[in-house]
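Can you build the whole structure from these sequences, using the hints too?
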Amino acid sequence: MPNIIWSDYLQYRAKLRGFKLEKIEEIIKYSGERYYDTETDRLIAVGKHDTRLVIVPYEYELNSITPITIHATTRQQIRFRLATGRYAIYE
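Using the numbering used here, read the sequence shown as starting at 6 and increasing by one per residue.
To be clear, the hints were calculated from the coordinates, so they are not data collected in a lab.
Everything numeric in this text was worked out from a predicted model, so none of it was measured.
Every residue gets a Cβ at the ideal spot worked out from N, C-alpha and C, and that includes glycine.
Check before you lean on any hint, since a few could be wrong.
Okay, derived cross-link-like pairs now, SDA-like style, lysine to any residue, Cα gap no bigger than 25 Å in a straight line [what the hints assert, rightly or not]:
| # | residue 1 | residue 2 |
| --- | --- | --- |
| 1 | 53 | 39 |
| 2 | 25 | 35 |
| 3 | 25 | 58 |
| 4 | 28 | 18 |
| 5 | 25 | 71 |
| 6 | 34 | 57 |
| 7 | 28 | 7 |
| 8 | 25 | 57 |
| 9 | 53 | 30 |
| 10 | 34 | 14 |
| 11 | 53 | 37 |
The calculated label-pair distances, taken between Cβ atoms and stated as ranges, are [claimed, not checked]:
| # | residue 1 | residue 2 | range |
| --- | --- | --- | --- |
| 12 | 78 | 11 | 20 to 26 Å |
| 13 | 67 | 88 | 30 to 36 Å |
| 14 | 85 | 12 | 24 to 30 Å |
| 15 | 21 | 90 | 17 to 23 Å |
| 16 | 27 | 65 | 17 to 23 Å |
| 17 | 27 | 89 | 31 to 37 Å |
| 18 | 87 | 16 | 26 to 32 Å |
Written out as structure tokens, the structure reads:
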């Protein structure tokens with residue numbers, strides 16, 4: 006598994022929104038639900054952080070993963086982005 010590079014921005018946003026880096030790492034590593042964001046050209050990992058459904062946009066390179074930010078979301082938002090073509094299923 007590639008190394009995770011934690012940016013200062015992600016650490017700030019996670020702390021501000023009450024997310025733990027350990028849980029974010031689990032979501033990135035083990036999420037069974039991933040998408041490609043056609044607008045930002047990034048991969049998206051979807052998972053649960055406690056009771057909240059979250060998306061974690063990240064950049065993937067050969068030996069590293071860099072999470073960009075983390076957002077709480079809903080199934081409705083994910084379905085809408087799939088329907089409009091913003092997200093594509095990533096396998």
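Original post:
Would the pair residue 34 and residue 57 pass a check requiring their Cα atoms to be no farther apart than 25 Å?
Top reply: holds (18 Å)
Original post:
Between residue 85 and residue 12, does the C-beta distance stay in 24 to 30 Å?
Top reply: The hint (24 to 30 Å, Cβ to Cβ) holds, given that residue 85 and residue 12 are roughly 28 Å apart.
Original post:
Is the Cα-Cα distance between residue 53 and residue 39 25 Å or less?
Top reply: Given that 25 Å is the threshold and the Cα spacing comes to 13 Å, the pair holds.
Original post:
Between residue 25 and residue 58, is the straight-line Cα distance small enough, at 25 Å or below?
Top reply: holds (14 Å)
Original post:
For the pair supplied as a hint, residue 53 and residue 37, is the alpha-carbon distance within the 25 Å limit?
Top reply: Given that 25 Å is the threshold and the Cα spacing comes to 11 Å, the pair holds.
Original post:
Taking only the CA atoms, is the gap from residue 53 to residue 30 under or equal to 25 Å?
Top reply: Answer holds: residue 53 to residue 30 is near 12 Å, not above 25 Å.
**OP:** Could you see if the CB distance from residue 78 to residue 11 stays within 20 to 26 Å?
**Re:** holds (21 Å)
Original post:
Regarding the pair residue 28 and residue 18, is the alpha-carbon distance no greater than 25 Å?
Top reply: holds (14 Å)
Original post:
For the pair residue 87 and residue 16, does the Cβ-Cβ distance stay inside 26 to 32 Å?
Top reply: Holds, at about 29 Å.
**OP:** Starting from the range 30 to 36 Å, see whether the pair residue 67 and residue 88 falls in it by beta-carbon distance.
**Re:** holds (33 Å)
Original post:
Within a Cα-Cα threshold of 25 Å, do residue 25 and residue 57 meet the stated pairing?
Top reply: Holds. Residue 25 to residue 57 sits at ~12 Å (cutoff 25 Å).
Original post:
For the pair supplied as a hint, residue 34 and residue 14, is the alpha-carbon distance within the 25 Å limit?
Top reply: With a Cα-Cα distance of about 20 Å, the restraint between residue 34 and residue 14 holds, given a limit of 25 Å.
Hint 15 alone, counting from the list given before, is not met by this structure.
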